[in-house]
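Position chains C, L and W relative to chain P; hints supplied.
These protein sequence lines are chains P, C, L and W, in that order. According to this note's numbering, the residues represented by the first sequence are 1 to 117, in order. According to this note's numbering, the residues represented by the second sequence are 1 to 179, in order. According to this note's numbering, the residues represented by the third sequence are 1 to 101, in order. According to this note's numbering, the residues represented by the fourth sequence are 1 to 361, in order.
Possibly wrong hints are sitting among the right ones.
[As the list claims (entries may be wrong)] Computed cross-link-like contacts, SDA-like style, restricted to lysine to any residue with a CA-CA straight-line distance of at most 25 angstroms:
1) C:Lys93 to C:Phe104
2) C:Lys110 to C:Gly98
3) W:Lys80 to C:Phe104
4) W:Lys70 to W:Ala30
5) W:Lys33 to W:Lys80
6) P:Lys31 to W:Lys66
7) P:Lys35 to W:Gly64
8) W:Lys335 to P:Phe59
9) W:Lys80 to P:Thr33
10) C:Lys170 to P:Tyr107
11) W:Lys335 to C:Leu19
12) C:Lys170 to P:Trp109
13) C:Lys170 to L:Leu96
14) W:Lys70 to P:Tyr107
15) W:Lys80 to P:Met20
16) C:Lys170 to P:Val102
17) W:Lys206 to W:Pro231
18) W:Lys66 to P:Gly29
19) W:Lys66 to P:Thr33
20) C:Lys170 to L:Val84
21) C:Lys170 to P:Thr33
22) C:Lys170 to W:Pro339
23) W:Lys335 to P:Ala106
24) W:Lys66 to P:Ala106
25) L:Lys89 to C:Met24
[What the hints assert, rightly or not] If you want the footprint, here are the derived chain W segments under chain C, 3+ residues with CB under 8 angstroms:
26) 117–129
27) 132–141
Just so you know, the hints here were simulated from the structure itself, not pulled from any lab data. No experiment lies behind these values; they were computed from the predicted model shown. No residue lacks a Cβ here, since even glycine has one placed at the ideal position from N, Cα and C.
The primary structure of each chain is shown beneath.
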Amino acid sequence: MNPYLPVLVTFAAAFAVIGMFLFFCHAFGPKQTSKIKSDPFECGNPPSGPAHDRFAVRFYIVAMLFLLFDIEVVFLYPWAILFRDLGGLGIAEMSFFLVLLVGGLAYVWWRGALEWE
Amino acid sequence: MSAAIAFWILAIGAVSTALGVVLMRNPITSALNLVLSLCFVAGLYALLEAHFVAAIQVTVYAGAIMVLFTFVIMLLDLGQVQDRIGPPEGLVKAAVMGLLGIAFVVMVAKSAHLGITIPSTSGLTPANVARAGGNTRLVGELLFGPYLLPFEIAGVLLVVALVGTVVMAKREVDPRRRK
Amino acid sequence: MTPDLGHYLTLSAMLFAIGATGVLVRRNALIIFMSVELMLNASHLALVAFSRFRESLDGQVLVFFGMTVAAAEVAVGLAIIIAVYRSRKTVNIDELRQLHG
Amino acid sequence: MDVTGLLIVVGKVLFITFVVLNFGAIMTWAERKQAALIQDRIGPNRINIGGFKLLGLIQPIADGIKMIMKEDFIPAGAHKLYHTLAPAIAMFPALVGLAVIPFGPSFDAGGRHIDLQVANLDVGILFVLAVSSLGVYGIALAGWASNNKYSLLGTVRATAQMISYEIPMGLSIIGIVMTYGTLELNKIVDLQGEYFRLGGIGVLPKWGIFYQPLGFILLFTALIAETKRTPFDLPEGESELVAGYNVEYSGMKWGMFFLGEFASIVVVSALIATLYLGGWQVPYVHLTALPVLPRILLGLISFFGKVVVLCFLQLLIRWTLPRFRYDQLMDLGWKRLLPLAIVNVPITAVWLWVLGGFKLG
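The following block holds chain P by itself, in its conformation from the complex (with noise of 0.2 angstroms):
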C-alpha cells in the first residue's frame, strides 16, 4: 500500500475535525452585532491609531535569519543518516560546512542583528 494513503486519510480525518468545529460555532451560536461590539477590542478604551501599523524591522531579520538558518538545518539532515556510513571524510566535510554555519553566525551576532534590546 502506498505509504501516503495513510497521510491522507489523516488529513481528511482533520479537515472532518475542523469542519466540525467551524460548522458547530457557525450554527449554534447566537448572532447579535452592533455598533460598539464591531469595534476593535482595546480593553473597553475607543481604539485609537491604524489596526495595521507597520511594525519594526527587526522581526524581518528574524524572518530572513530563519529561512537561510532552516536551510542549512535541512543541508545536515541527509549528512546525519550517513554520518555512521561516511567516517573521516563525512567529518571533514560537514566541518568545512559547520564552520561556514557559525562564522555566519558569528558576524551576524557581531553585526548586532540578534540585538533586541
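Chains C, L and W in isolation, oriented as in the chain P frame:
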C-alpha cells in the same frame, strides 16, 4: 488508477492556486495561494517518489520562504494595497501573454509525446531505492559524493546571503533610529 | 491511465506560463517576485519528473540546490524590496523608474 | 483495493485523532487542577451529572458545550474568510502530527502484519517538522485578519518566536538522526530496544536521552516555546497585549486555538517520548518476544505513560516559571539554544566515536 486520480487532483489544485497567485489583487491572498500551490507540487513530488524533496519543499519553500513573503507584506502593510492589472494596455498585455503561455503549453504537450518513455540511466526504480536504504539516504549519498563541491559552494552562498541581508537591513537595527 | 512524463512536463509548462504571465502583467514587485518563485517551482517539477522517469536521483539533488538558491535569492531580494520601499514608499514597479533609460 | 487494509488504516487514524482530542480536552482539566494544587485552591469542582462530580472531570465537556453555544463573532473590518481559516490552520498540525509516530509494537493478526503507526514515511521525522512549520500561517492570519492592533502585535511576536525556535528544534534532532542513522521513527524506536553492554550484560537501554542529554534539553525547550505556553507565552501576554493574536476570537473558534495548543502539548510529548525515551519500549522487557495481547498492552501503556509524564512535566513548567521578557526570549533562542544545538553536532560525533558505534577510517 489511484495514482492517476491523485495526479489529476494535485495538478488541478496546483494550476488553480497558481492562477490565484497571478490574478488575485490582495498580496496576502496571492501569498496564501502560492503556499497552497507549493504544497500541491510537494504532493506531486511525493507521487513521483521524491520523498526528501517533497518534505523540504514544504519545510523550506512553504514553511520558510513564504513566511518571509507574508512577513514582508505585513511589515510594509501592503495587505490593504489593491494592485490592479492595469489600464487597457495592461489588459492587452495580459491577453497576449496568456495566449503566448497557452501556445507554449501546447507546444510542450505536443513535443513531449504523451506516453513516451525515456531510457533508465541507473535503474533506480522506487523499489530499488527502497531496497538501497530509502530516497533520503540515496539523495544524501549523491550530495556527499559526486555533488560535494556544489554542496560546499551552496554553503558559501548561504553565508554570503546572510552577510548581504544583514548589511541591507542593518540601518534599521541602528539604535538611533529606534523610537 | 497512469500519468507519464508528458503529463508532468505539460503541467510544469502550464505553471511556468502562469508564472511568466504574472511577472509581465503585475505591477506589485512582491507579486512579481512570487510569480518568479512559481516559475522556479515549475522547473523543479520538471526536474523531479525527469529524475523519476530516468530512474536516477540527480534531478532531485539539483532541485535541492535550486531551493537553496531560491532561499538565498528571496532573502536578499526581499531585503532590497524593503530598502526600496523605505526610500520610495512604493513597491509599484511603474513608479520605480529611476534607472529607466 | 484492499478493503481490510484500508479499514485498519481508518481505525488507526480515528484512534490517534480520538487520543489527541481527548488528551487535549483532559489537559485543560489537568492544568486547572494542577494549578489549583500548586496555588492551594480547589479548582473546577462544580459541574456534575446527577450529582457525580468525578473530580471535576466533566468540566471539559461543559466547556465544550459552552464554547459551541457562544456567538461566533467576526469584528467589523475583519477579513471574514481568513478570520475563519486561521484557527483551522493553527489546529491542523496538532491533529496530524501523530501520524508518523509509532504508538505501539507491531504484531501479526489474521495473517496480516500490523504496525501501530499510521504512516511509515521515508522522511519520518521531517514530516512532523514540515507540518508544524505550516502552523505559523494560522497565527499570522489570525492577527492580520482581525483588524486589531493588539492582535497584529501578538501575531508578529508569535510568528517571530515560532520561527526562531524552529531552528534549534531542527538542529537538536540532528543528533538523534546521527545516532540512529535513519529518519524513520519506527526504526528509531526499534533501535532504542537495544542495550549498552557492560561485561556482556545489558545495563542501560540505548535510549536517545542517554546518547543525547543535551539534545533532549534543547529539543524540549524549543518545543515548549513552539507551543507558546508560559514561560514562552509572550504572544498572549494578557497584561500587555490583551490576549495577543486571539483577542477578536470567541466561541469555538477561540476554543480551536486552545484545543490546538493543548493538543500540540500531547504531540510534543509523543515526539519526545519517541525520540529520547524509547517510544513504546519497556526497559529490560523484550516486548517483541511476548505474546500478542500483553505485547500490545504493555507497549501502549509504556508509550502513553511516557506521554502523560511529559505532559505533566510541561504543566509543571507552566505553573512554575514566570514569563520571559521579549529580548530574553530572543536571546535564549538565538544566542543560547542555537549555538548549543550547533555544538551538539560535534559532541555527538565524538560521543559516538567514544562509544564505538562510529569509525573514522
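We went through each hint and held it up to the structure:
no.: 1; hint: C:Lys93 to C:Phe104; result: holds, 16 angstroms
no.: 2; hint: C:Lys110 to C:Gly98; result: holds, 18 angstroms
no.: 3; hint: W:Lys80 to C:Phe104; result: violated, 38 angstroms
no.: 4; hint: W:Lys70 to W:Ala30; result: holds, 24 angstroms
no.: 5; hint: W:Lys33 to W:Lys80; result: violated, 36 angstroms
no.: 6; hint: P:Lys31 to W:Lys66; result: holds, 15 angstroms
no.: 7; hint: P:Lys35 to W:Gly64; result: violated, 28 angstroms
no.: 8; hint: W:Lys335 to P:Phe59; result: holds, 16 angstroms
no.: 9; hint: W:Lys80 to P:Thr33; result: holds, 15 angstroms
no.: 10; hint: C:Lys170 to P:Tyr107; result: holds, 12 angstroms
no.: 11; hint: W:Lys335 to C:Leu19; result: violated, 42 angstroms
no.: 12; hint: C:Lys170 to P:Trp109; result: holds, 12 angstroms
no.: 13; hint: C:Lys170 to L:Leu96; result: holds, 23 angstroms
no.: 14; hint: W:Lys70 to P:Tyr107; result: violated, 52 angstroms
no.: 15; hint: W:Lys80 to P:Met20; result: holds, 18 angstroms
no.: 16; hint: C:Lys170 to P:Val102; result: holds, 20 angstroms
no.: 17; hint: W:Lys206 to W:Pro231; result: violated, 32 angstroms
no.: 18; hint: W:Lys66 to P:Gly29; result: holds, 10 angstroms
no.: 19; hint: W:Lys66 to P:Thr33; result: holds, 19 angstroms
no.: 20; hint: C:Lys170 to L:Val84; result: holds, 14 angstroms
no.: 21; hint: C:Lys170 to P:Thr33; result: violated, 46 angstroms
no.: 22; hint: C:Lys170 to W:Pro339; result: holds, 22 angstroms
no.: 23; hint: W:Lys335 to P:Ala106; result: holds, 10 angstroms
no.: 24; hint: W:Lys66 to P:Ala106; result: violated, 52 angstroms
no.: 25; hint: L:Lys89 to C:Met24; result: holds, 22 angstroms
no.: 26; hint: 117–129; result: holds (count 6)
no.: 27; hint: 132–141; result: holds (count 6)
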